[in-house]
Amino acid sequence: MQVIAHGRLTLYETYGQFQMVVNVIEEAGVGDLERAFQKLKEKLGKEGLFEVEHKQALPAYAFRIAVVTSPTGAAVRDIIATLSRRWPCSEILVVPVRVQGDLAAGEIVRALEQIPRAGAVDLVILGRGGGSLEDLWAFNEESVARAIHACPLPIISAVGHETDVTIADFVADVRAATPTMAAEIAVPNVDDVFSTVVESQRRLGRNMKARLDGVRSKIQELLKSYALGQIRNRIQSQLQTYDYAIEKLQRNMIDRIARCGVRLDGFVARLKGLDARAVLSRGYAICADFETGKGVQTVDGALLAGNLRVTFSDGSVLSEVKERVDE
Amino acid sequence: MSEKSKNFEESMKRLEAIVTELEKGDFSLEESLQRFEEGLKLGKSCKEILEKAEAKVKTLVEDSEGTLREEDASP
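Protein chains in written order, with the working numbering: chain F, 1 to 327; chain C, 1 to 75.
Hints in this document: simulated from the structure, not taken from any laboratory.
Accuracy of the hints is not assured; some may be wrong.
[What the hints assert, rightly or not] Derived DSS-like pairs: lysine-lysine, alpha-carbon spacing no greater than 27 Å straight-line:
1) Lys4/C - Lys55/F
2) Lys47/C - Lys24/C
3) Lys209/F - Lys13/C
4) Lys209/F - Lys44/C
5) Lys24/C - Lys218/F
6) Lys52/C - Lys55/F
7) Lys41/C - Lys209/F
Owing to the predicted nature of the structure, the values given are computational and were not obtained by experimental measurement.
All chains should be built: construct the whole structure from the sequences, respecting the hints.
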């Protein structure tokens, strides 16, 4: 065990020894309050009040902020000053409470119950300036811890200085090191948000202008080198095609008629060549079945027909087929 | 969260989304123009909210009957 002893220190010069006369002795680090703090912390911790799953996210843009603190302390001034500077478009609702003494815990609990009824509050800052462990004690009371836990609104705790840690800090959704820090966490900087909006608008404008410029030059391109020219060219080329088609049609007709003439002449010549009489006059004769008139080209055909019509160049005769003769 | 806070956050998100969408350039000219106009409107209303007034400070007080009242406490 470590202890802190208060007393008088004396030096025995003869022996070179120090001597201490102790009048108060206490356990080092852990006083009554400290013990109570540890006990409550352990109890609420076991109940899960500090769990991350209970932590609410802070709104990105809080427009009505309740500040639960003493209306006369430095904390409220710091918070109001910081909120007004960073985010002047917000409304600050001070909920005055005592922050030390026996009545403090009860008032804080009551304030946390009232705020949700006040309407449209986005965020609660609960805190006070620095002080001794006794001064800050209200923020280590179980009732306060439970009220913070039960409050449906997001709560930033800001109790004392950076090194002061209270039960309230564990239960709150966010712990800020100081009241000023709480206000910094609570709201964004209006200039930053404004610049973001302006930059977005600028980007929109730039983008739309580029888009429209693109469209405009496309239209001009179309007007100049494409659309009108294309239509004119198309009409012209269609006209040409039309003329050409007609010309071609006419030329084709003439050609075809001429070609038909040539072919006709050919036929006439060929027919002339085919004229059997020209052959007959050269000493040939045509044999045909006398009954049917069909041409007979073989010996068997002649034997079958029996009677043949034999045509010479000057006329025909009826002849009877008697028998095959060997040559 | 208050309606105002919710609406403002939604407007900011929408504005950002529109800028990103437009820069991707997937929209037809007509759609782009619609988005552009929507974006400008959102930006304007956001700016109006941001420009509005100095921070108002009020004090919440409860009377004996438990009714809550807000008193002007601007310094």
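Each hint tested on the structure:
1. For the suggested pair Lys4/C and Lys55/F, the alpha carbons sit about 22 Å apart, so the restraint of at most 27 Å is met.
2. Distance restraint check for Lys47/C and Lys24/C: the Cα-Cα separation of roughly 25 Å lies within the 27 Å cut-off, and the hinted pair is therefore satisfied.
3. For the given pair, Lys209/F sits about 23 Å from Lys13/C by alpha-carbon distance, which is consistent with the 27 Å threshold.
4. A distance of roughly 19 Å separates the Cα atoms of Lys209/F and Lys44/C; the hinted pair therefore holds under the 27 Å criterion.
5. Distance check on the hinted pair: Lys24/C and Lys218/F sit about 20 Å apart at the alpha-carbon level, within 27 Å; holds.
6. A threshold of 27 Å between alpha carbons decides the hint, and for Lys52/C with Lys55/F the separation of about 31 Å lies outside it, so the pair is violated.
7. Straight-line distance between C-alpha atoms of Lys41/C and Lys209/F comes to about 17 Å, which keeps the hinted pair within the 27 Å bound.
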